[in-house]
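*Asks:* Go ahead and model the full structure; you've got the sequences and the hints to work with.
Chains L and C are the protein sequences, given in the same order.
Under the working numbering, the letters of the first sequence match residues 223 to 333, in that order.
Under the working numbering, the letters of the second sequence match residues 22 to 131, in that order.
The set of hints was computed from the structure by calculation and includes no laboratory data.
Computed from a prediction, not measured in an experiment: that's the story for all the values here.
Computed footprint of chain L on chain C; a stretch qualifies when at least three of its residues, placed anywhere within it, have a C-beta under 8 Å from a C-beta of chain L: (1) 57-69; (2) 118-128.
Derived DSBU-like pairs (lysine-lysine); straight-line CA-CA distance at most 35 Å: (3) C:K102 <-> L:K231; (4) L:K231 <-> C:K126; (5) C:K126 <-> L:K236; (6) L:K231 <-> L:K279; (7) L:K321 <-> C:K130; (8) C:K126 <-> L:K321; (9) C:K102 <-> L:K321; (10) C:K126 <-> L:K279; (11) C:K126 <-> C:K102; (12) L:K305 <-> C:K126; (13) L:K279 <-> L:K321; (14) L:K231 <-> C:K130.
For glycine and all other residues, C-beta sits at the position ideal for the given N, C-alpha and C.
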Amino acid sequence: DGGITQSPKYLFRKEGQNVTLSCEQNLNHDAMYWYRQDPGQGLRLIYYSQIVNDFQKGDIAEGYSVSREKKESFPLTVTSAQKNPTAFYLCASSTLDEKLFFGSGTQLSVL
Amino acid sequence: GQSLEQPSEVTAVEGAIVQINCTYQTSGFYGLSWYQQHDGGAPTFLSYNALDGLEETGRFSSFLSRSDSYGYLLLQELQMKDSASYFCAAAPDSNYQLIWGAGTKLIIKP
Chain L
223 DGGITQSPKY LFRKEGQNVT LSCEQNLNHD AMYWYRQDPG QGLRLIYYSQ
273 IVNDFQKGDI AEGYSVSREK KESFPLTVTS AQKNPTAFYL CASSTLDEKL
323 FFGSGTQLSV L
Chain C
22 GQSLEQPSEV TAVEGAIVQI NCTYQTSGFY GLSWYQQHDG GAPTFLSYNA
72 LDGLEETGRF SSFLSRSDSY GYLLLQELQM KDSASYFCAA APDSNYQLIW
122 GAGTKLIIKP
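*Replies:* Below, the structure is given as structure tokens:
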């Protein structure tokens with residue numbers, strides 16, 4: 223079955239710690255995205271990548287970093303510079319058209 | 022700035038019809054998408070309108086008026102499983118980096 227796998231489902235971060243959220247897709251999609259969702263709000267774009275070894279900042283990239291070394295993988299690191307990291311993080315992919323496919327999300331909380 | 026406005030909450034009765042509106046203000050416009058998200062889950066794609074008019078997919082339909090910067094999602098024969106949040110999202114350019122509305126929570130009563 224094709225799809226997007228995010229892990230872990232729940233993640234806890236200590237102050238000053240960097241944490242990495244995993245996102246893997248086997249849909250052969252070129253484009254991948256990371257969104258942040260806060261309660262009662264829409265999705266906000268953190269980073270996106272349209273091709274391997276290339277990525278662009280979204281609206282709220284500060285305190286986050288990504289890599290795209292393989293077409294299938296687009297991990298997101300939440301750095302210690304992100305002072306308010308508690309949120310639901312969603313990874314998505316698409317074939318550069320209008321339809322996004324989402325992973326099941328990672329809930330990040332601060333200890 | 023760029024924004025999409027939709028009602029925060031809509032309540033309807035099982036078996037009824039409900040319409041969720043979305044108005045947008047974006048620098049450019051390529052199309053309007055709708056996504057459904059159940060609590061704690063991932064958004065799933067429902068529909069996309071690039072041209073004016075109505076698109077029908079089973080019990081769900083979506084409408085777009087580019088001249089009015091307005092669209093809506095119409096859900097017919099409501100079922101309890103339709104209880105979810107519904108998001109409209111606009112593509113302001115050909116890269117389809119979507120701008121999202123804050124979502125409409127649909128509450129369905131028996």
